Amino acid sequence: MPIDGLIVLDSTVTPVVQTAFRRFSPAYPLLHIDAYSAAAASARRVQDIDPVIYVPSFDPDEPSACCHIQHNGLTLLSPVSRDTDPLYAFAFLRTFVDILHEYFGDVTAPALKDHFDVVYQLLEETLDSGGHPLTTSPNALRDIVIPPSLLTKILSVAGVSGLSGPSTHGMGAFASPIPWRKAGVRYNSNEIYFDISETLKATVSKSGVVVDSTVLGKIDANSKLSGTPDLLLTLTNAQAMSNPSFHPCIRLNRFSQSKVLSFVPPDGHFTLMEYRYSPASAQAPPPTGTPLTAIAQNQSQVQVPFTLKAAMAVSEHGGTFDVSIASRLSARAIEDFVMELYLGEGATGASCTVGGGAEWGYIPARQVCPIGSRCYGI
Amino acid sequence: MSGHLNAFTENASRLGMRLQETISERTKDFGLGRGGGTTVFDTGDDKVKNIRAQLDSSSDREKLDAMKRLIAMISKGRSVSEFFAQVVKNVAVSNLEVRKLVYIYLLRYAEAEPDLALLSINTFQRDLSDSSPLIRAMALRVLSGIRVPTIGSLVVLAIKKCSSDVSPYVRKTAALAIPKCYSLDASHLPSLIEILSILLRDRSPLSIGSVAVAFEAVCPTRLDLLHPHYRRLCRVLVDVDEWGQVNLLELLVRYARNMLPRPSSTDIGDGKSKDDVDKDLDLLLSSAEPLFQSRNPAVVLSVSRAFYYLALPSEHHKIVQPMLRLLDGSREIERVALAYILFISRTSPNLFSPHYIRFTIRADDSAQVKVDKIRLLRSFVNIENYQALSREFVDYADDFDEGLAAGAVQAIGHTARVIPEAMQHCLNALLGFIKSRHDTVVTNAVLVLKSLVHTQLQAQSSFAFGASSSPLTIIERLAYRIDEIRHPQARACVVWLVGQYAADATQGDAAPVEGITPWAPDVLRKCAKSFRDETVAVKLQTITLAAKLIALSPNNRTLVLLAKYAFGLARYDRNYDVRDRARVLQMLLGGVVPSLVSKKGEDEEDALEDRGGVVLRREQVRVVLFEGKAGVAEDGEYNDDRELLGTLTLLTGHDMRGDRILPDWLEQGVMSSLRDTEDDTPAPHTVPAAIAHYARAGAAASGAASPIVVLTPAGSSGPSPAGSIPNKAAFTDLEAFYASEDEESDEDESEEEGEGSDEKVAHGTASSEDEYSDEEEDDDDESALVGGHR
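Just so you know, the sequences run in chain order A and B.
For the first sequence, our numbering begins at 1 and goes up steadily by one.
For the second sequence, our numbering begins at 379 and goes up steadily by one.
By construction, these hints were calculated from the structure, which means they are not laboratory data.
The structure displayed is predicted, hence computed values, not measured ones.
Just so you know, not all the hints are guaranteed correct.
[As the list claims (entries may be wrong)] The list that follows gives simulated cross-link-like pairs (lysine-lysine, DSSO-like), each with its CA atoms no further than 30 Å apart: (1) B/813 - A/309; (2) B/813 - A/218; (3) B/696 - A/182; (4) A/259 - B/813; (5) A/206 - B/813; (6) A/201 - B/696.
The following block holds chain A by itself, in its conformation from the complex (with noise of 0.2 Å):
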């Protein structure tokens, strides 16, 4: 189940980066980057794009598809052909997106181009030629290919490279024990930190009721632990977490037995877990089988810290809105509040009057409107 390649195209759908694509003609590529510019050409809005598109071929034996995925102004595409599942080709093109931050810090296309090689040798490390993803855990892959920094810049620049990196690197490669933890890592004092981040979602219908909302948290973790540590982290209440998913490195059969976190970390920056909060869902799980509509909606329900009221009209040539937003937190004040309204397709300009110290602004090229606030009062 493989995936065909890799293509990096920048904001005018130029391809920075490339993968071989040594089985295919070398229309291959070019077939699927103009396939993802017609689709681009076509749709409404950006998310208006289909993720997976139909790409016909001449060989009506070898249709394909095209998966993209969107990051910071570029666009990550992988052709798959053969009934591949896409999902296989998106959880790898994120993969790869990560693996360009932790090297790269912000993915750009200048910044690509800077580090043509490292991205080179990153691709050639990463996907094998036939298409099966070889090593993405990243502190494998920094012992393997060096991470650009301007100690090995000057090095090289001096003309010395041959004794900085390579020689120690070289050795160090695959010979960790843990496919996801360095070997040797040593510091001088010890330590790992986590965060926690919580982002609610919630869908409110036009009257203002609450339809669903969800908690989505996330745990990342900044490990700087030396040698092997075997962590081992207890949560009070960890039936708050449904449906969590996991790093690789937890002990699964740990966690469903004790509910508690044991494990390896790897070195640096890592997504320990992601989870749903769920207040409801600790007592006895309903069973199975049997409807359960209003349970559903009980458990899934999360209050949203604010209402929100909005009133439109809209006229021949405009319209007008009027949105109110209050505080429901007594205690607390909401800061950095930042609301988006979508003004629709053929919008050209917005004036609106906000209060509480508030901004807003127009972006014409999303017909969006952003109203923000440092603080929101309580």
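Given chain A, work out where chain B should sit, using these hints.
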């Protein structure tokens, strides 16, 4: 010594990072921070000539520079195969940096220049014995990438050598080289299968995924080779890397369908049932189940696929939550997951319908996602949720996305059809939509109303219609709005409805035209008046309406005149369908209204009457006109057996010519004893085997040979007596697996301390756990705060 060097480079690179940050801050304006990359990338033509000389120079730096230029040209899409000869010479350069770039170049161009590549084969072969696994793997990759059939046997030898390499990474590369060698020359199949069966025995979970890939490519039908490995593969599944898990699961699912007996469930009364599941199948499913929690969507889908195709229907509910989780992923993943959920819902709608709330449409969903969601929601409609769902549908009909609005209106129609209780509510909503300003909404509302009214009238069960909206009242209201309904299809639809249900016996003499509802002739009048500007569909329906009306009431003079006028217009229409239809209808009505056919002064028409043939009586004409049409077909639900979960075909709707076919179960399955191995009988024996690779690699790293892996539960720190096997639990027991690693690293550390290094290295396990408890408290605080929000 090497430790010091490590620490030094570590510090140096950190310093370098910091320096880079500050320098790039200060030198932004000068463009210095960006270093030399851009200049290399934009190589001019004059520099290109230089590359040859640079490659031939003796300085590593020059070579590196030249190679970078070449790679830059590759990425700009220029063909640089002309430099092949010069590049090949550098294959044996001692500088690893250069060598890697050379390999990247060779991997791209070895195929184009096989003859020159052959010159360097000796170097590759020498590199196969290099001390670095990285070089060994790269050499094998280039070697298998040279597509020259004559070296086939050489490549086979190289693969064989690498398949017993110490490093699992090299073994993985060996496995991936097998399909390439096979596609080059199929005659090597026997020796390749031999290598493959060696690789199948590999204890390392790292390479096994690639072995599965090779197996599928080279000998997909030789599933019998897997018998002795099946159980071990199942157990090792958790430890395989994420991409390997996908490939391995695919293979195991196919194996199960081919070799295991079909699981069955027999009812033994009391609402209980006895499940008859083969224990090997159970092993596969229970080893796969933890992977539902993988962060990789492809893995989650593979496990769902395994459960969907292998498990009993009673187990299918396990798919639900993980699949729903995929919806919270990125937009692309949501799109694909929705298509898969839609597929599953076609066969078992009850799996996901309790969670309909998760499929409510958001304003920023993409067009395709909206369409899929509305189809899903539609299929979820049942007696419990129809009220909430139809509320949603009514809201969606206002959406600016026309596809969604149309889908919503149709979904309301669907609700009315499947839930009789909802009929009244839905009809009100639909009638409301007719007043909408949006064309699509009106059109769809009319179309849906048409099919509702038609099916209801045909079934003769108007019980669900309230008094205020009997089917005929609806038609009447539609007829009155004929001027506002502009969309061709909708307009044609109304005209047809009017004609079909124009018969009216109740009003008797009070009606302006006998036997016909009062509004029907007026619709004909309006349409005849605007006949010239109507679309073909409306024209066809207009003359049909005319025919129907005079068949109902042949004696009304005005009506006949009106019909004649319509037929006259149709006769000289530009569209031949309209002309033909008019002709047919006129002939048909010949027996009812003779004046229609025999117009004075037209000899041709007179002759027609003489021509004779069958002339139908009025009752016969009515049957032809009114009962010719069969019931309206429910709009398309299709189900193709060939479609499989997790395939591209499912998403694109085109046959992607894949070969991922799942056969049906065997009734009996093959003998389970085939899968028995000596590993199985003393069960715990395989545990250390599964981690043998880790143990071996760990041992190599610490420099001490420790062949016996002592397994202790993670909690206890003291080593258990050597030789005893404390863990009798299942093979999938990960603690045991990691505990051994823990032991290893402990040994590792203590040894290093024993070596007398001065610097005090904090002891990994203990100190980190201290750190940990602090962090934990922070976590709690965090979640407490977050909890406050709610």
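*Measure nothing beyond the straight line between the CA atoms of residue 696 of chain B and residue 182 of chain A; if it is 30 Å or shorter, mark the hint as holding.*
35 Å, violated
_Checking one constraint from the list: CA of residue 201 of chain A to CA of residue 696 of chain B, max 30 Å. Satisfied?_
24 Å, holds
_Given hint residue 309 of chain A paired with residue 813 of chain B - CA-CA distance at most 30 Å_ = 26 Å, holds
*Take a quick look at whether residue 259 of chain A and residue 813 of chain B sit within 30 Å of each other, Cα to Cα.*
57 Å, violated
_Straight-line alpha-carbon gap residue 206 of chain A to residue 813 of chain B, limit 30 Å_ = 20 Å, holds
*Take a quick look at whether residue 813 of chain B and residue 218 of chain A sit within 30 Å of each other, Cα to Cα.*
47 Å, violated
Comparing the model with each earlier hint shows violations of hints 2, 3, 4; every other hint is respected.
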